[in-house]
Each structure stands twice: as structure tokens, then as C-alpha cells.
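Trainee: Below, each chain spelled out in residue letters.
4 protein chains.
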Amino acid sequence: MMAMHWSNWDRTDLAVERAAIVRERTGEIPGLESSQEQINGITITRVQVTHAYAASRVGKPPGRYFTLECPELKYRNRTLLKNVAQIIAEELTALAGLPRQNDILVVGLGNWQATPDALGPRVVSQLMVTRHIREYISQDLGGRLYPVAAISPGVLGITGMETADIVRGIVQQIKPELVITVDALAARSPSRLFSTIQIADTGIQPGSGVGNNRPGLNTESLGVPVIAIGVPTVVSGASIAVDVLQDYFSRFNPHARPTIDSVHDFLSQDLLELMVTHKDVDMQIMEISKLLASAINKATQPAITEEEMLDYLQ
Amino acid sequence: MMAMHWSNWDRTDLAVERAAIVRERTGEIPGLESSQEQINGITITRVQVTHAYAASRVGKPPGRYFTLECPELKYRNRTLLKNVAQIIAEELTALAGLPRQNDILVVGLGNWQATPDALGPRVVSQLMVTRHIREYISQDLGGRLYPVAAISPGVLGITGMETADIVRGIVQQIKPELVITVDALAARSPSRLFSTIQIADTGIQPGSGVGNNRPGLNTESLGVPVIAIGVPTVVSGASIAVDVLQDYFSRFNPHARPTIDSVHDFLSQDLLELMVTHKDVDMQIMEISKLLASAINKATQPAITEEEMLDYLQ
Amino acid sequence: MMAMHWSNWDRTDLAVERAAIVRERTGEIPGLESSQEQINGITITRVQVTHAYAASRVGKPPGRYFTLECPELKYRNRTLLKNVAQIIAEELTALAGLPRQNDILVVGLGNWQATPDALGPRVVSQLMVTRHIREYISQDLGGRLYPVAAISPGVLGITGMETADIVRGIVQQIKPELVITVDALAARSPSRLFSTIQIADTGIQPGSGVGNNRPGLNTESLGVPVIAIGVPTVVSGASIAVDVLQDYFSRFNPHARPTIDSVHDFLSQDLLELMVTHKDVDMQIMEISKLLASAINKATQPAITEEEMLDYLQ
Amino acid sequence: MMAMHWSNWDRTDLAVERAAIVRERTGEIPGLESSQEQINGITITRVQVTHAYAASRVGKPPGRYFTLECPELKYRNRTLLKNVAQIIAEELTALAGLPRQNDILVVGLGNWQATPDALGPRVVSQLMVTRHIREYISQDLGGRLYPVAAISPGVLGITGMETADIVRGIVQQIKPELVITVDALAARSPSRLFSTIQIADTGIQPGSGVGNNRPGLNTESLGVPVIAIGVPTVVSGASIAVDVLQDYFSRFNPHARPTIDSVHDFLSQDLLELMVTHKDVDMQIMEISKLLASAINKATQPAITEEEMLDYLQ
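As you go down the protein sequences, you meet chains C, R, A and F in turn.
Read in order, the letters of the first sequence are residues 150 to 463 in our numbering.
Read in order, the letters of the second sequence are residues 150 to 463 in our numbering.
Read in order, the letters of the third sequence are residues 150 to 463 in our numbering.
Read in order, the letters of the fourth sequence are residues 150 to 463 in our numbering.
Do not take every clue at face value.
For chains that are exact copies, the list does not tell them apart, and a pair is met inside one copy or across any two.
Said to hold, decoys possible - Below, a list of computed lysine to aspartate or glutamate pairs in the EDC-like style, where the Cα atoms sit at most 20 angstroms apart:
1) 439 <-> 240
2) 223 <-> 419
3) 439 <-> 429
4) 231 <-> 456
5) 439 <-> 456
6) 223 <-> 456
7) 223 <-> 436
8) 439 <-> 221
9) 223 <-> 429
10) 223 <-> 369
11) 231 <-> 221
12) 439 <-> 218
The set of hints was computed from the structure by calculation and includes no laboratory data.
Model the full structure from these sequences, guided by the hints.
Mentor: Structure, rendered in C-alpha cells:
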């Protein structure tokens with residue numbers, strides 16, 4: 150989770166949640182479009198931020214944000230997991246213009262030592278990394294393989310270096326055509342934990358709009374397109390607090406419902422240091438990382454069958 | 150965390166919190182005693198449950214519960230960490246009658262794959278395990294070593310077996326004189342996360358009083374004294390919710406403050422599946438497991454200097 | 150690797166190698182039978198030790214030893230891996246009388262901190278553990294699930310306890326109908342590393358015949374049948390030394406070929422502390438553990454399809 | 150182990166062994182100097198390669214190679230470990246011109262999934278990484294901290310990228326004043342495993358002189374000084390074979406001793422795929438990585454006491 154800022158009750162990395170919050174406050178705004186479709190318990194929302202004004206309001210850079218929501222994802226169901234992996238693979242293919250003849254670099258962001266933040270490294274460890282083997286393997290298979298490299302660089306607290314600096318350095322050396330990042334996200338609503346997948350063609354801008362200037366991972370900083378895949382694994386303690394108060398008053402005393410600002414002022418410092426996750430976080434991270442790795446493998450290697458693919462996976 | 154039940158807003162494994170809750174509701178009750186002392190920012194509370202009635206009200210078996218609280222523990226401060234380790238070592242020594250000439254078995258409970266639940270396995274991995282080497286090492290040192298064995302058996306979801314069954318089987322084979330368990334706990338208040346250490350001479354009774362009958366780890370089931378050491382690493386989502394509502398009304402409208410029961414009824418199912426932990430959970434688990442391992446090593450091996458001890462630690 | 154003794158040049162856990170060594174020295178002996186078949190690059194040898202005399206000569210307890218050899222196993226080939234997993238599953242089914250209505254306990258022996266010895270724990274981490282979930286899952290699937298428990302207890306150096314004691318304790322508690330052990334083995338010949346799989350219905354007798362009396366894992370000690378599965382992952386340094394000398398003289402000066410005893414006397418102490426493994430040991434362990442886990446899952450859960458099985462695997 | 154080539158019987162990364170081999174074959178050569186001193190069971194050898202001719206014969210680039218040998222290092226002895234850590238710290242200080250006001254980058258080379266190759270990543274995980282915290286910590290301590298960053302980038306088989314490319318990219322971004330690499334080495338003689346430490350001011354040139362052109366990690370490629378620290382953790386199977394034959398003939402039939410070339414021709418392909426390590430490889434890697442991390446911490450942070458240092462270590 151790059152640059153998670155817990156000080157705000159409405160902290161979320163999901164464009165779909167930010168768009169909803171902004172609309173709730175100020176109604177429709179120009180430059181912010183969205184559409185939604187539902188299939189078999191899966192909701193797909195496409196948010197597009199087309200103008201700078203909308204971007205500043207939503208706090209996300211201009212671009213396309215695909216969101217898949219499926220509450221059932223939290224429960225092991227192989228058919229559903231396969232269907233969702235297929236949808237994600239197709240969306241990735243479209244958004245990233247896959248397959249690519251030249252190198253793709255997949256970057257697993259986050260901290261492998263903290264389960265809720267280990268999503269990126271876990272996905273990367275299950276990818277089909279091929280950049281170095283194309284010439285060494287059988288002609289038949291080799292001809293159908295596309296080159297993929299992958300790395301999990303660790304987090305600032307472990308390396309002492311901004312992850313964006315590490316990735317930029319690697320990109321300038323190997324010059325991939327495309328970068329795909331995978332990261333654990335923060336959501337506003339706990340119902341989205343481990344049941345929502347976001348794909349954005351904007352890359353990652355840590356703490357966007359919150360006045361920090363930590364370097365991002367995007368076309369501007371890396372010089373190549375950056376597709377960012379993420380799944381919410383945590384909600385801030387403050388979000389839960391605001392939810393509870395609002396729900397309570399909505400139900401029992403709508404007229405006395407406090408404003409967001411008054412709630413926020415009253416939240417204790419302790420609460421702001423907390424994060425909320427699912428009590429089966431280890432299982433959830435395992436399942437969703439398997440799903441994402443499968444989707445990325447499919448999208449980057451469309452000419453390889455699933456059977457062949459299993460030969461390469463760890 | 151053996152048998153964590155998140156369905157109750159006041160779920161806590163800390164006797165000190167349970168005693169406070171019971172007293173708040175019904176005033177003093179016979180068979181429940183406690184005393185408190187403060188030294189240099191450290192609060193030590195001793196709760197003693199002496200009667201069955203008090204035990205059933207508090208939901209903890211009769212016995213002695215030592216609790217050390219120190220909010221500063223969350224911040225790395227070597228002098229403080231050393232002081233607290235020394236206090237814990239002394240309390241363990243007193244409560245467990247250490248050192249012991251015969252075998253001690255330390256059991257690291259919890260799931261190493263989920264950071265907030267990995268406390269027990271992390272502590273065990275840093276212990277000075279000596280039971281098998283006494284006869285193989287230098288006469289001088291060997292004469293001063295006491296026999297310690299240790300295991301982290303995993304959790305039901307990984308082994309398919311109740312941890313209590315596994316431990317009972319091992320105890321019946323190696324027949325230790327004493328069992329020490331180390332476990333991640335649930336607290337009621339987030340301020341206690343990673344800043345409270347509980348030592349109880351009662352062993353562990355999962356979900357006591359909540360109508361389950363999962364096997365415990367205690368004198369009754371194991372046939373030897375069981376000292377349980379724990380540190381709260383999680384709070385339930387419901388606890389946070391109740392806190393927020395109570396704090397809000399206490400401040401802005403004390404007369405309208407809802408009853409606990411009405412609050413609980415209104416909590417969503419989603420909230421009950423959540424757990425709350427510190428956002429630096431990986432760092433906190435690392436520090437507190439180092440502290441506990443150091444304390445257990447000191448208490449079990451009082452004749453070995455710290456210098457000598459470092460030769461054996463991983 | 151329980152009780153590996155490196156002091157002997159002919160150290161091997163493979164019955165097929167021991168039988169060959171004994172025959173080379175003394176010719177056929179009564180009570181030692183073997184047969185061999187070859188299919189598609191796979192050699193299957195069945196050794197049966199039927200008399201105590203043969204057992205003492207071979208240094209393996211009476212029983213049946215199935216050995217599959219396939220040099221190609223070292224190279225990733227999914228079709229071959231699947232075929233071999235199927236053969237192992239069938240042999241396990243026959244030797245262990247699977248499926249079983251009552252509990253099976255799978256024990257992963259060895260040290261997860263040393264890659265060449267991590268085979269058992271790696272296999273266990275990929276098993277379908279079901280003993281605790283039968284009643285909680287869908288009627289349809291639950292009716293077809295057989296109960297499997299699994300544990301990787303660690304090694305003496307980590308726990309301070311004999312693994313056999315730990316396992317015996319657990320067996321006496323959960324009373325399984327059958328125990329299956331998985332372990333990394335030592336071979337005599339480096340050509341067998343990661344390309345041979347042994348299944349024995351004798352359980353494990355550490356260092357058999359070499360004058361030690363460490364406790365075994367077998368029917369005698371556990372009270373239930375024990376099927377032992379193993380794959381050689383190491384060869385002793387002394388084995389390599391003897392091979393080289395013998396090969397050299399066989400080729401250049403057969404008449405001067407030194408006796409085994411004279412070779413052994415001259416081996417340096419340093420050599421005896423060494424172990425030899427494949428230079429891609431991490432990859433080899435990963436592949437073969439996947440294969441064995443798949444075979445055990447198939448054999449223990451014959452009513453579950455591969456598709457359904459994937460729902461449960463980590 | 151970058152670019153380990155097992156095809157040669159005399160494969161070694163140790164300059165001290167290469168110098169000895171060259172001298173044995175051709176006597177003293179110009180441009181190759183060495184000196185030796187012994188203190189308390191520790192042998193320190195300094196080899197200096199001053200001319201290109203010597204470099205091509207020795208197969209190591211011109212520069213200074215410090216080697217510490219201490220057979221007792223294999224056995225846990227805290228006093229000795231501390232002494233050796235101190236000597237290494239002093240040598241590092243001298244060779245690298247420490248401390249440095251500007252950034253130092255420590256790179257842990259090798260594969261954390263294969264115990265014998267995990268030295269670099271294990272050392273890095275125990276370092277005091279400070280580059281990102283200088284401004285956030287107490288004035289007093291901050292003023293005495295020097296900036297250190299660290300990373301373990303993984304190996305080609307995992308990332309699909311040459312490690313040298315990754316490191317060069319990072320160096321160009323963060324522009325450290327100095328790079329220190331830590332790597333598991335191959336030795337020629339098994340007696341050197343885990344008991345020899347080499348420090349070179351030449352950086353790393355994978356497979357030097359063996360006709361490959363994989364990129365190195367040195368001043369030429371990175372633009373800053375590179376100090377390479379390494380410990381032999383493996384010996385090739387072919388080395389063992391040659392040793393055994395030579396020892397055998399030296400003892401029993403010196404006149405018939407085969408030439409190296411004839412021995413090499415006769416070694417089987419199988420043997421060339423093997424690596425030899427210590428049978429307690431997990432324990433050895435743990436101890437020596439602790440020693441190296443301690444030495445690097447001391448050398449890079451001379452103004453911090455050991456007590457203070459422990460506050461920062463994991």
C-alpha cells in the first residue's frame with residue numbers, strides 16, 4: 150500500500166468510491182463519467198475522469214478506472230473465481246493492449262511481512278516470468294511466449310528507498326513497453342474488502358491530492374504506460390467510525406445526524422492508527438492473489454494453454 | 150488466537166478488561182479482587198478470581214491474572230523494552246516457579262500465515278531450546294542449562310486438528326513439568342493493542358462461558374500447570390463501533406446514549422467479520438515477540454548470562 | 150531427513166539401492182525379492198523383504214518397498230509429472246487401502262529452514278486438509294470427502310523433542326486409521342536425486358541397523374499402519390568420493406581398484422560433514438513437492454474431481 | 150551466487166584459491182602479490198592483483214582481495230564471532246573509506262528460496278537501513294546516523310532480469326557514493342565452506358575469464374566503487390571428485406597420479422549438476438549472516454553504540 154494516509158475518514162484508493170462521495174456532496178460534475186452493468190452477481194463499473202477539474206475533485210488523475218465487485222468472491226467458489234479471472238484477463242487485455250511483443254514489467258508493491266499488504270508480492274510470486282527463457286526453451290513453445298519480467302521491490306521501511314525510484318531505475322534499464330503494478334488498496338467501505346478489483350490505466354499516484362509529493366508510478370514518471378491493478382484489503386479505523394455514526398442516526402434519528410466534519414474532529418488519535426481487515430485475511434489474500442496471477446498470466450500469454458502454463462508456475 | 154468469537158461487541162481475552170466491564174455493570178462482586186501499581190509509565194494490575202461465581206460473571210476461570218500496560222511499548226525504546234522484559238521475566242519466574250529441573254514445554258499458538266496472529270510462532274522461533282542438547286554441550290554450560298522444548302503446532306484450519314489435542318498428545322509423551330503458552334489476544338479497547346501483556350496461571354479456555362466446548366489448554370486437560378502469556382493484537386470491528394457511539398453520545402448528548410444491546414442489534418453482519426489491528430502490525434509483532442522471547446529465555450535460564458544466551462538464539 | 154548418518158559411504162534410505170549393494174557383495178539372499186517393470190521411461194521396482202535375516206542384511210525392516218525411477222522427472226514436463234502423480238496415487242491407494250472412512254494423518258518430516266530437507270513440510274502445505282470441515286461444507290461435497298489431517302512438526306534441533314515422540318502423542322489423541330509420512334531421503338547415487346520416489350509400508354526406522362535406537366515411526370511405535378513416502382534430495386560427500394574412485398579404476402586400471410574399506414579409511418573428516426544436492430535444489434523441491442501433494446490428494450480423495458480439489462488447495 | 154559455472158573442476162570465487170592454483174601450475178607471476186598473517190586461529194591473506202596479465206591468469210580483475218579464514222567459525226562461539234565481526238568491520242572501514250556522508254547501497258545477491266544461496270538476502274534483512282529515517286528521528290541520534298539503503302533484488306530465474314541491470318537502474322536513481330554487495334560464493338576446497346570471508350574492492354564480475362559476458366557489478370558498470378563481501382557456501386561436485394582422486398594417488402601411488410585434464414574428461418555429466426554444501430547449511434547460513442550484518446552495521450554506523458543499534462534491527 151503505497152503512501153497510505155489514515156488521517157482522513159474517507160481515505161480510499163477506489164475511484165468508484167471517490168466518485169460516489171463527490172457526487173453525494175456536490176451532484177454530477179463535468180468530466181466525470183461512469184456506467185455500470187451487472188451479470189450474475191458481478192457488478193462492473195467503469196469510471197472515466199476526462200477533465201482536470203473532475204480529477205482534482207475526485208482526487209484521482211484523469212484516466213479510465215474499471216471496477217469489478219462481487220461479494221461472493223470472499224467465499225471459495227471455483228467456478229466464480231474462474232469467471233472473474235477471465236473477466237479481469239479480458240479487461241487487462243483491452244486496457245493494456247495485450248499481448249505485447251516487447252517486454253512487460255510487473256511490479257508487486259507492498260510489504261510481504263504484513264499479511265494485509267502482501268498482495269503484490271504474492272501475485273508476483275505466482276506469475277509466469279519468461280523474459281529470460283524465450284531462447285532457451287522449445288522452439289514450438291518459445292515462438293508463442295511473450296516476454297514478462299517481474300519484481301517485488303519491498304517498501305520504504307525495508308529498503309530505505311522510495312519504491313518509485315527503484316522501479317524507475319529498473320524501467321530505464323530494461324525499457325519495457327508496459328508496466329503493470331499490483332497493490333493492496335484501502336477502501337472506504339468494509340463491504341468491498343477482498344471483493345472488489347480495480348484496474349486503472351493511470352498508474353499510481355500515492356496520496357493524490359492530499360498535498361504530498363511522493364513520486365508516482367505512471368506514464369509521466371516512467372515514460373511508458375502503467376496499468377495499476379488493486380484489491381482493497383484494509384479500511385481505516387476512522388471509516389468504520391463514521392459509518393457507524395451515520396448508520397445509527399439514519400436509522401434512529403435522521404434529523405440529528407452529525408456532519409462528517411464534526412464526526413471527524415471527535416475521532417481519537419488512537420483510532421487513526423488502526424486498520425481494519427477481514428478476520429480471515431491470510432486465506433483471502435491467498436485466494437485473491439491466485440486469481441490475479443491467473444488473470445495476468447492469461448492476458449500476457451494468450452497463446453499458451455492453461456495446461457502449458459502450469460508447467461511454468463511455482 | 151484460539152477460538153476467537155467476533156460476534157460479541159465486548160469480546161476480550163484480557164481479564165483486566167472483563168473485570169472492568171463486569172464492575173461497570175454490577176459493581177463489586179465477591180471473589181474478584183484486583184490491585185494496581187504504577188511505575189515509570191508502566192501500570193501493573195493483578196486480578197484474582199477466587200470463586201466460581203466471579204469466574205462465571207467475568208467469564209474467566211479462577212486464577213491469577215497479571216497485566217502490564219505501557220502505551221510507550223508501541224514505540225521502539227530499547228531501555229523501556231529491556232525494563233519490561235525484566236518485569237515479565239520476574240513475574241513468570243514467580244507465577245511459574247522457575248527455574249524447573251524438569252522439562253518445560255513452550256507452545257506458540259496461532260497462525261504464522263496471518264501477521265496479527267503470528268505472535269506465538271514468532272516467539273517460539275526465538276527461544277533457547279535446550280531439552281535435546283544438555284548432554285552434548287560443554288560441562289560448564291550444560292550444568293547450568295534447564296531443559297526447554299518448544300513447538301508451534303499451527304491452527305485448526307491448517308492441521309485439521311484441534312490445537313489442544315495436539316498439545317495434549319505431546320504433553321503425554323514428553324511429560325513436561327510445566328507448559329507455557331504464547332498467544333495473540335483480542336482486546337476490547339484499541340488502546341491496548343501491542344501495549345499490554347497478560348500472564349495468567351489458568352491456561353487457556355477458548356471462548357469461555359460463551360457456550361462452546363472446545364478443549365482448553367489448562368491443568369485440567371493437560372495434567373500439569375499451564376502459564377498463558379498473551380498480547381492483544383486485534384480488536385473486533387464491533388468493539389470499535391460501540392466505542393464510537395458511546396463516546397459520541399457521552400460528549401454531545403449523554404441523556405440519549407443508547408444501551409449496549411440496542412447498539413449491538415444494529416451492527417451489520419459485515420462489521421462482525423472484521424478485525425482491527427495496528428497499521429504497523431508487522432513491526433509491532435516483531436518487537437513484542439522479541440521482548441517476550443527475551444523474557445521467557447531469562448526466566449527459564451536464570452543461570453545463563455545474556456552473552457552466553459546469544460550463542461543459542463537464532 | 151530423520152537421523153541422517155553421513156559417516157558411511159553407502160548411506161542410503163532407498164531399499165532398492167540397499168538390495169543392490171547387498172546382492173553385489175553376497176549374491177541373492179533368501180527373503181529378499183524384487184521385480185522390475187519399465188513403461189515409457191519410467192522404471193518401477195518392487196522390493197519385498199520377507200524374512201528377518203534379509204532385513205538385517207539389507208538394513209531395512211520387513212515389508213514392501215515400491216520405487217519409481219524416472220530421470221526425466223528433473224526436467225519440467227507437465228504430461229510426465231501428471232503421469233507419475235497418477236502412478237504414485239494408484240500405488241498409494243493399493244498399499245494404504247485408500248480411501249479410508251476414518252482419519253488419515255499425514256506427517257511432513259524434515260526442516261523447512263533447509264531447502265534440501267524441506268520436502269515434507271512443502272508437501273503438507275499443499276494438501277487438502279479436511280478432517281475439521283466435513284460437517285461445515287455443502288452436503289453434496291461433504292458426503293464425498295474423506296477426513297485428512299496433516300502436520301509438519303519440525304526437527305529435533307528446533308523443538309528439542311524427538312519427532313517420533315511428537316507424532317506418537319498426536320496419534321494417541323486423534324487416533325487415525327493410518328499415518329502417511331513424507332520425507333526427504335538420502336540416496337547412494339547422485340543420479341537418483343529428485344528422480345526417484347519410494348513408497349514403503351514399513352514406516353520409518355531412523356538409521357536402521359546402525360546401532361542407534363532413536364524411536365521410529367511405524368506400526369510398532371504408533372499402533373497403526375504407516376506408509377512412508379520419500380524422495381532422495383541429498384547424497385553424502387563420501388558416496389561421491391567412493392563413486393569417483395571406483396569409476397576411475399574401473400575405467401583405467403580395473404585390477405588396482407581399491408576395496409571399499411580402504412577407500413573409506415582414507416576419506417577426510419571434512420568430507421563426512423558434507424552433503425551433495427542438485428544445484429537447482431529450490432526448483433526441484435518445488436516441483437516434486439507439487440507432484441507428491443497431488444498424488445496424496447488424489448489417493449485420499451478419490452470422489453473429488455481435480456476441479457473441485459483446487460477449491461481447497463492453498 | 151551470480152553466474153555460477155559448475156563445469157570446471159576448479160571453479161572458485163575466492164582470489165586466494167585462484168592465486169594458489171595459478172602459482173602451483175606456473176610459479177610466481179608478476180603483478181600478483183600476497184601476504185599472510187595469523188592471529189589466534191585466524192588467518193588473514195591479502196592478495197593484490199596489480200597487472201592485467203596477472204588478472205587474466207588468475208581470472209579475477211585487478212584489485213585488492215582480503216580473505217579471513219577461521220575453521221572454528223563453523224562452531225558457535227560467541228567470543229570468536231564477535232572478534233571476527235570486528236576484524237571484518239575494520240577491513241570494510243579501510244577498504245570502503247567508511248563512514249560515508251552520502252548514501253551507501255547494500256545489495257544482497259542470491260536466491261532466498263535456496264538455503265545455500267540465501268546469504269545475501271539474509272544479511273540484508275538484518276541491516277540497519279537508515280536512508281529514509283534520518284530526518285524523522287531524535288536530533289541526537291539522527292546527527293550520528295549515516296544513510297544506508299539496502300535491497301535483495303532476487304535472481305534471474307525469479308525476476309527475468311539480470312541482477313546487474315536492476316542494480317544499475319537503482320544506482321542511477323539514488324546515486325549512492327558506494328555499493329556493497331553480499332553474496333554466497335563457490336569455493337574450490339570444502340574446508341573453506343562457512344569458514345572463509347572474502348572482501349574485494351573489485352566488485353563482482355560473474356564467471357570472469359570463462360568467456361561469458363554477463364554484466365558485472367563494479368565501478369565500470371555502476372560508476373561508483375563496489376565492495377564485494379562473500380562467503381563460500383558451496384563447492385562443485387567436480388571439485389570433490391578431483392580432490393579425492395588426487396589425495397588417493399598422492400597417498401598410495403604418487404607416480405601414477407592422473408593429470409587434472411584426464412580426470413576432468415572422465416567426470417560424469419551428473420556430477421557437474423551437483424553442488425556440495427555443509428549438512429547443517431541452515432544453521433551455518435544463519436550464523437554467518439548474523440556475523441556479516443553485524444560487521445556491516447558497525448562499519449557503516451561507527452557513531453552508534455551496539456545498544457543503540459539493537460533498537461533498529463529486526
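Trainee: So, for every hint listed, does it hold in this structure?
Mentor: Do the hints match the structure? See the list:
1. 439 <-> 240: within (17 angstroms within a copy, 31 angstroms between copies)
2. 223 <-> 419: Result: close only across copies, 12 angstroms inter versus 29 angstroms intra.
3. 439 <-> 429: within (16 angstroms within a copy, 25 angstroms between copies)
4. 231 <-> 456: So residue 231 and residue 456 pass the 20 angstroms test inside a copy (15 angstroms) and across (11 angstroms) alike.
5. 439 <-> 456: both (16 angstroms within a copy, 15 angstroms between copies)
6. 223 <-> 456: For residue 223 and residue 456, the Cα distance is within 20 angstroms only across copies (19 angstroms; inside one copy 26 angstroms).
7. 223 <-> 436: This pair counts as within: shortest intra-copy Cα distance 9 angstroms, inter-copy 29 angstroms.
8. 439 <-> 221: within (16 angstroms within a copy, 29 angstroms between copies)
9. 223 <-> 429: within (10 angstroms within a copy, 24 angstroms between copies)
10. 223 <-> 369: neither (35 angstroms within a copy, 39 angstroms between copies)
11. 231 <-> 221: within (13 angstroms within a copy, 32 angstroms between copies)
12. 439 <-> 218: Cα proximity of residue 439 and residue 218: one copy only (17 angstroms, versus 32 angstroms across).
Hint 10 from the earlier list is the only one contradicted by this structure; the remaining hints agree with it.
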